[in-house]
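**Student:** Take a look at the letters that make up each chain.
Protein chains: 2
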Amino acid sequence: MTTSADAVASAHAAFHDAAHAPGMPIVAVIGDGQLARMMHTEAIELGLSLRVLAGSHDASAAQVTKDVQIGDYTSLDDLRRAVSGAAAMTFDHEHVPTEHLRTLIAEGVNVQPGPDALVNAQDKLVMRKRLRELGAPVPPFAAIESVEDARAFWQAVGGAVCLKARRGGYDGHGVWFPDSEVELVSLVEKLLGAGTPLMAEKKVALVRELSAMVARTPSGETKAWPVVESVQTDGICTQAIAPAPGLGDALQQEVRALAKTIATELGVTGALAVELFETVDVAGQPEIYVNELAMRPHNTGHWTQDGCVTSQFEQHLRAVLDYPLGSTELTAPVTVMANTLGADEDPAMPMPQRMQEVWKRYPEAKIHLYGKGHRPGRKLGHVNVSGTDVEATKKAALDAAYFIVHAQWP
Amino acid sequence: MTTSADAVASAHAAFHDAAHAPGMPIVAVIGDGQLARMMHTEAIELGLSLRVLAGSHDASAAQVTKDVQIGDYTSLDDLRRAVSGAAAMTFDHEHVPTEHLRTLIAEGVNVQPGPDALVNAQDKLVMRKRLRELGAPVPPFAAIESVEDARAFWQAVGGAVCLKARRGGYDGHGVWFPDSEVELVSLVEKLLGAGTPLMAEKKVALVRELSAMVARTPSGETKAWPVVESVQTDGICTQAIAPAPGLGDALQQEVRALAKTIATELGVTGALAVELFETVDVAGQPEIYVNELAMRPHNTGHWTQDGCVTSQFEQHLRAVLDYPLGSTELTAPVTVMANTLGADEDPAMPMPQRMQEVWKRYPEAKIHLYGKGHRPGRKLGHVNVSGTDVEATKKAALDAAYFIVHAQWP
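Here the protein sequences line up with chains H and E, keeping their order.
Those letters in the first sequence? Residues 1 to 410, per the UniProt record's numbering, in order.
Those letters in the second sequence? Residues 1 to 410, per the UniProt record's numbering, in order.
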């Protein structure tokens with residue numbers, strides 16, 4: 001006799017099967033956030049379709065995708081279910097346990113990017129050591145495994161210390177700037193005591209932040225997008241300006257080449273974001289340092305959806321499937337991306353009305369929303385605006401993004 | 001006791017509910033083809049999501065959409081189920097029975113476009129009469145309700161007769177070009193005998209075909225895209241070149257204004273395609289005639305996905321929701337769309353490999369596939385290429401589209 005549970009399972013299986021065009025590869029994406037959601041947008045147009053491993057059916061990517069597997073990315077069995085029959089497995093985030101990835105690879109799963117590359121996006125100390133070996137510019141850094149390590153580093157860099165959790169930090173979480181050696185020591189004691197592995201690096205005299213994005217295929221093809229300026233507020237990316245204004249051609253080329261080298265040497269596949277600090281050297285010339293790596297589509301690449309022939313989401317899918325990469329030519333002289341971060345309070349004006357107000361003023365504003373509920377500071381979406389003048393384009397994007405979450409103009 | 005069927009129904013309902021972000025409107029699309037599929041792409045980015053009334057779960061749009069209602073668009077109950085709770089109802093095709101639309105409107109459903117506008121896209125005779133009233137250029141035409149009507153029209157236009165079924169024709173179906181009065185009479189006897197309402201119009205000396213697309217909101221805002229040249233092969237659109245090469249500014253403006261007038265006067269909402277014939281008048285000047293109307297996104301507007309700030313699919317959604325319309329500025333000097341029509345035989349090379357071959361040669365080719373199985377002549381997808389030179393761009397798009405279905409270069 002068929003039980004209710006069997007009947008539901010069987011109906012779901014038929015439903016999931018219907019989500020994929022015969023003969024076309026399935027890409028399994030681990031994670032249900034906006035990055036997976038925007039991959040699905042591109043997959044639809046390419047005639048592919050994703051399978052998403054999601055925490056719930058109403059999560060950002062799960063909302064709009066047909067083949068949703070509910071599960072936990074830390075469960076090997078759930079991962080196995082998600083990748084069954086998929087041509088490639090990729091990620092919306094970097095938190096899948098490395099040992100599970102190794103097991104899946106041993107079982108024949110095509111994991112892109114693989115764990116040897118991913119560890120560099122998961123562990124900041126491993127990444128910095130590896131980049132130093134490659135000759136990539138990184139600020140002075142040290143492992144902090146004791147209070148003694150902390151004191152020694154404080155002395156070595158004259159108190160310009162940025163303390164970081166080696167793993168799990170994002171959007172300003174897991175980063176501390178102690179004002180005194182006492183504060184550093186107290187932080188280190190508390191964090192090490194709580195089992196948080198730490199590193200420290202020298203605070204740089206920041207002029208601005210840049211982001212260099214590149215995609216790489218398992219066969220080794222790489223393609224870089226123009227380097228962008230990224231603006232962070234309280235550790236969260238709030239704007240990206242593409243291409244980075246005033247970045248000289250030589251430095252633009254140098255940074256793109258650096259991103260390609262990192263992708264190649266670390267064996268990254270799919271999209272790679274190399275977040276950089278721009279500083280000024282003793283001769284007054286711009287100088288760059290690598291800050292973070294992300295091995296997936298990245299917030300600083302959202303502008304490519306509306307400012308580039310091939311968006312980072314399409315490119316990521318092509319890359320993980322080892323397909324030839326698409327053109328990264330610009331479609332406008334300048335494109336500005338502004339994040340819509342949940343305001344302190346959710347305004348009474350319904351979201352659809354806010355969109356309409358934005359479009360009345362800026363018919364060129366490309367609003368992207370993630371299907372997420374309000375929470376202060378939460379990334380609810382972004383707005384891209386393309387134009388010819390940097391300041392006018394920036395104003396339009398920032399105004400629009402502000403209105404979306406505040407229901408008033410800045 | 002819960003039965004298996006109840007359990008499945010309840011699981012599906014929960015699944016469908018999760019497809020829509022709280023506070024965001026649901027757009028119900030009647031039809032499961034590529035137009036609905038590409039609306040879903042844009043809906044995802046806008047933070048909306050569609051509900052699709054589909055014939056099966058593996059249909060083009062149903063494949064990639066979460067809230068799929070299986071049903072028949074000629075069943076009033078199925079339509080009611082599809083539009084329940086939706087902010088607007090719109091269409092992937094023009095075949096929903098008018099009486100059902102009137103019933104739904106009486107029940108409070110927001111049907112866009114409404115039946116009074118739609119009849120002009122459903123019945124060619126009604127449309128031509130209405131356009132003649134508006135002073136829009138149409139070739140001489142007549143209702144054909146008898147053999148006598150047919151003979152009289154043959155004489156009146158000197159044998160230059162194009163016979164058309166008033167309803168249901170598309171892609172060259174329902175259109176005949178009789179070579180003799182005898183052939184015309186025989187066709188008319190057979191078709192009228194089979195219950196097919198007919199009309200005839202004077203064949204024009206065609207220079208080329210054009211398409212003018214415009215979107216209109218219920219509040220009356222209109223926005224036109226640049227007029228394109230469309231190339232038909234055996235009655236099926238195979239290419240669109242945007243903007244139409246060599247169309248003078250004055251004629252470009254005149255045609256755009258004509259499309260806006262038609263949209264306004266007919267009360268069209270959403271996207272409207274005005275398909276036109278370009279001929280030469282007695283003084284050797286270009287002259288235009290309206291051929292067909294389609295009240296939905298249209299094949300001749302697919303180029304807007306990659307060549308325009310706002311695609312026809314996004315604009316259609318904004319229009320049916322009565323939101324302000326987006327910019328229709330070009331993002332490239334020229335964009336060419338080429339359809340991929342199923343070849344006589346499906347080549348052995350798997351589709352993913354064909355895509356890779358195309359991208360090796362043309363990294364700028366934007367491939368759009370509809371998730372459909374092979375059938376000779378079937379629209380399986382399209383390729384958009386943007387560039388600066390018309391001939392080079394056309395070659396790239398046509399080469400790519402040809403390879404996708406033939407697995408060899410033309």
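Hints are computed from structural coordinates only; laboratory data are not their basis.
There's no promise every hint is true.
The list makes no distinction among identical chains, and a pair is therefore deemed to hold if it is satisfied within one copy or across any two copies.
SDA-like mimics (lysine to any residue), calculated; alpha carbons at most 20 Å apart, straight line [stated by the list, open to error]:
hint: 1; residue 1: K379; residue 2: P245
hint: 2; residue 1: K203; residue 2: V175
hint: 3; residue 1: K190; residue 2: K395
hint: 4; residue 1: K394; residue 2: T331
hint: 5; residue 1: K190; residue 2: T238
hint: 6; residue 1: K395; residue 2: L206
hint: 7; residue 1: K394; residue 2: E221
hint: 8; residue 1: K360; residue 2: T98
hint: 9; residue 1: K395; residue 2: G248
**Student:** As a check of your reading, is K395 near G248 (CA-CA no more than 20 Å) within one copy, between copies, both or neither?
**Tutor:** Neither way: K395 and G248 sit 23 Å apart in one copy and 35 Å across, limit 20 Å.
**Student:** Within a copy, between copies, both or neither: where do K394 and T331 come within 20 Å Cα-Cα?
**Tutor:** both (17 Å within a copy, 18 Å between copies)
**Student:** For K190 vs K395, is the C-alpha pair at or below 20 Å within one copy, between two copies, both, or neither?
**Tutor:** neither (43 Å within a copy, 65 Å between copies)
**Student:** Could you place K395 and L206 in one of the four classes (within, between, both, neither) given a Cα distance threshold of 20 Å?
**Tutor:** Answer is neither: 23 Å inside a copy and 48 Å across each miss the 20 Å cutoff.
**Student:** At most 20 Å between C-alpha atoms: does K190 with T238 qualify within a copy, between copies, both, or neither?
**Tutor:** The answer is neither: 31 Å in one copy and 68 Å across copies each exceed 20 Å.
**Student:** Taking 20 Å as the upper bound on the Cα-Cα distance, should K360 and T98 be classified as within, between, both, or neither?
**Tutor:** neither (48 Å within a copy, 33 Å between copies)
**Student:** Between the shortest in-copy and the shortest cross-copy C-alpha distance, which are at most 20 Å for K203 and V175: within, between, both, or neither?
**Tutor:** within (11 Å within a copy, 74 Å between copies)
**Student:** When no copy is named, should K394 and E221 be tagged within, between, both, or neither for a Cα gap of at most 20 Å?
**Tutor:** neither (33 Å within a copy, 27 Å between copies)
**Student:** Can you tell me if K379 and P245 fall within 20 Å by alpha carbon in one copy, between copies, both or neither?
**Tutor:** neither (25 Å within a copy, 43 Å between copies)
Hint check: violations occur at hints 1, 3, 5, 6, 7, 8, 9; the rest are consistent with the structure.
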